[in-house]
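J.: Top line first, the protein sequences correspond to chains D and C. Residue 384 is where the first sequence starts when you use this note's numbering, and the numbers rise one by one after that. Residue 28 is where the second sequence starts when you use this note's numbering, and the numbers rise one by one after that.
For the record, the hints were derived by calculation from the structure and aren't laboratory data. In this text, a Cβ means the ideal position worked out from N, Cα and C, and glycines have one as well. Errors might be hidden in some of the hints.
Heads up, simulated DMTMM-like pairs for lysine to aspartate or glutamate below, C-alpha to C-alpha not over 25 Å straight-line [claimed, not checked]:
{"id": "1", "chain 1": "D", "residue 1": "K409", "chain 2": "C", "residue 2": "E129"}
{"id": "2", "chain 1": "D", "residue 1": "K409", "chain 2": "D", "residue 2": "E388"}
{"id": "3", "chain 1": "C", "residue 1": "K40", "chain 2": "C", "residue 2": "E102"}
{"id": "4", "chain 1": "D", "residue 1": "K452", "chain 2": "D", "residue 2": "E398"}
{"id": "5", "chain 1": "C", "residue 1": "K84", "chain 2": "D", "residue 2": "D449"}
{"id": "6", "chain 1": "C", "residue 1": "K84", "chain 2": "C", "residue 2": "E129"}
{"id": "7", "chain 1": "D", "residue 1": "K488", "chain 2": "C", "residue 2": "E79"}
{"id": "8", "chain 1": "D", "residue 1": "K453", "chain 2": "D", "residue 2": "E398"}
{"id": "9", "chain 1": "D", "residue 1": "K488", "chain 2": "D", "residue 2": "E400"}
{"id": "10", "chain 1": "D", "residue 1": "K488", "chain 2": "D", "residue 2": "D390"}
{"id": "11", "chain 1": "D", "residue 1": "K439", "chain 2": "C", "residue 2": "E102"}
{"id": "12", "chain 1": "D", "residue 1": "K453", "chain 2": "C", "residue 2": "E102"}
{"id": "13", "chain 1": "D", "residue 1": "K452", "chain 2": "C", "residue 2": "E102"}
{"id": "14", "chain 1": "C", "residue 1": "K84", "chain 2": "C", "residue 2": "E102"}
{"id": "15", "chain 1": "D", "residue 1": "K409", "chain 2": "D", "residue 2": "E438"}
{"id": "16", "chain 1": "D", "residue 1": "K439", "chain 2": "D", "residue 2": "D390"}
{"id": "17", "chain 1": "D", "residue 1": "K409", "chain 2": "C", "residue 2": "E102"}
{"id": "18", "chain 1": "D", "residue 1": "K409", "chain 2": "D", "residue 2": "D390"}
The calculated label-pair distances, taken between Cβ atoms and stated as ranges, are [as the list claims (entries may be wrong)]:
{"id": "19", "chain 1": "C", "residue 1": "N104", "chain 2": "D", "residue 2": "S496", "range": "41 to 49 Å"}
{"id": "20", "chain 1": "D", "residue 1": "T410", "chain 2": "C", "residue 2": "P88", "range": "23 to 31 Å"}
{"id": "21", "chain 1": "D", "residue 1": "V427", "chain 2": "C", "residue 2": "N86", "range": "40 to 48 Å"}
{"id": "22", "chain 1": "C", "residue 1": "R94", "chain 2": "D", "residue 2": "A461", "range": "41 to 49 Å"}
{"id": "23", "chain 1": "C", "residue 1": "G55", "chain 2": "D", "residue 2": "H440", "range": "33 to 41 Å"}
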Amino acid sequence: SQQGEEDPQALSIQEGENATMNCSYKTSINNLQWYRQNSGRGLVHLILIRSNEREKHSGRLRVTLDTSKKSSSLLITASRAADTASYFCATDAGPGAGTALIFGKGTTLSVSS
Amino acid sequence: KAGVTQTPRYLIKTRGQQVTLSCSPISGHRSVSWYQQTPGQGLQFLFEYFSETQRNKGNFPGRFSGRQFSNSRSEMNVSTLELGDSALYLCASSLTTQTGYEQYFGPGTRLTVT
């Protein structure tokens, strides 16, 4: 079953604008990861944030984590057409579950030039 | 380093047949996980292998099985295929079996069951 939901399901913006995607989850986590998927291909790891971290940056990406609200957000600044993809948040599946990830349903981002 | 490779990339099978998919992890990675992606159910964890042992299993029927070889390469098998098994099957490798480590995904195998 899905751990959580991404919001919005779809987002259309112009190049240069910022894109914000939100993710909510249901159970306690050790960490949360964001992945990108281009048109039904493999997933590309973007960033991992641990439960004791509140914010993390990587290039044009900024991720926040609010464990009290069980939510995370991914901000992509100065979007480019190449950022067009689906974005998924994924959480660990709990104690003893190894590397198993629980994914949300994803946000489809479309960036037009 | 070469990335995760999956073969074949595309596969068409008939209901009732069986299929074997292959995954070669990044060199040095010992953990291999498999995921199924469908439009309706999204990405779902199938199982994880580490050092030739299945460490975790998702909520899938026994028709889905897998194994890992001593060189960390992994295969998954689906027997008695059903139409609902049509999906993108993704393999991911990781350095360890502990949580908190990023996983590297392959390009996937697109399975179509007719």
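J.: Take the hints in turn and mark each one as holding or not.
T.: Results for each hint:
With a C-alpha separation of about 21 Å, the suggested pair D/K409 and C/E129 falls inside the 25 Å cut-off, and the hint holds. Taken as a hint, the D/K409 and D/E388 pair is honoured in the structure, with Cα atoms around 9 Å apart against an allowance of 25 Å. A hinted pair counts as satisfied when its Cα atoms are at most 25 Å apart, and C/K40 with C/E102 qualifies at roughly 17 Å. With a CA separation close to 31 Å, the supplied pair D/K452 and D/E398 exceeds the 25 Å bound.
The suggested pairing of C/K84 with D/D449 is violated, with an alpha-carbon distance near 29 Å, which exceeds 25 Å. The suggested pairing of C/K84 with C/E129 holds, with an alpha-carbon distance near 19 Å, which does not exceed 25 Å. With a C-alpha separation of about 31 Å, the suggested pairing of D/K488 with C/E79 is violated against the 25 Å cut-off. For the suggested pair D/K453 and D/E398, the alpha carbons sit about 30 Å apart, so the restraint of at most 25 Å is broken.
A C-alpha spacing of about 23 Å is found between D/K488 and D/E400, which places the hinted pair at or below 25 Å, so the restraint holds. For the proposed pair D/K488 and D/D390, the alpha carbon gap of about 9 Å is at most 25 Å, so the pair holds. The suggested pairing of D/K439 with C/E102 is violated, with an alpha-carbon distance near 36 Å, which exceeds 25 Å. For the proposed pair D/K453 and C/E102, the alpha carbon gap of about 35 Å is over 25 Å, so the pair is violated.
Of the pairs offered as hints, the one joining D/K452 and C/E102 is violated, with about 39 Å between alpha carbons and a cut-off of 25 Å exceeded. Restraint check for C/K84 and C/E102: the C-alpha separation of about 14 Å stays at or below 25 Å, so the hint holds. Distance check on the hinted pair: D/K409 and D/E438 sit about 20 Å apart at the alpha-carbon level, within 25 Å; holds. Proposed proximity of D/K439 and D/D390 is supported: the alpha carbons are some 20 Å apart, at most 25 Å.
About 32 Å separates the Cα atoms of D/K409 and C/E102, which puts this hinted pair outside 25 Å; it is violated. Restraint check: the Cα-Cα separation between D/K409 and D/D390 comes to about 15 Å, which is no more than 25 Å; the hinted pair holds. Distance hint check: the CB atoms of C/N104 and D/S496 are about 44 Å apart, consistent with the given range 41 to 49 Å. Evaluation of the 23 to 31 Å hint for D/T410 and C/P88 yields a pass: the beta carbon distance comes to about 24 Å.
A C-beta distance of roughly 26 Å is found between D/V427 and C/N86, which places it outside the suggested range of 40 to 48 Å. Distance hint for C/R94 and D/A461: a CB-CB separation of about 46 Å, consistent with the stated range 41 to 49 Å. The supplied range of 33 to 41 Å is broken by C/G55 and D/H440, whose beta-carbon atoms lie about 28 Å from each other.
Of the hints listed earlier, those the structure fails to meet are numbers 4, 5, 7, 8, 11, 12, 13, 17, 21 and 23, in rising order.
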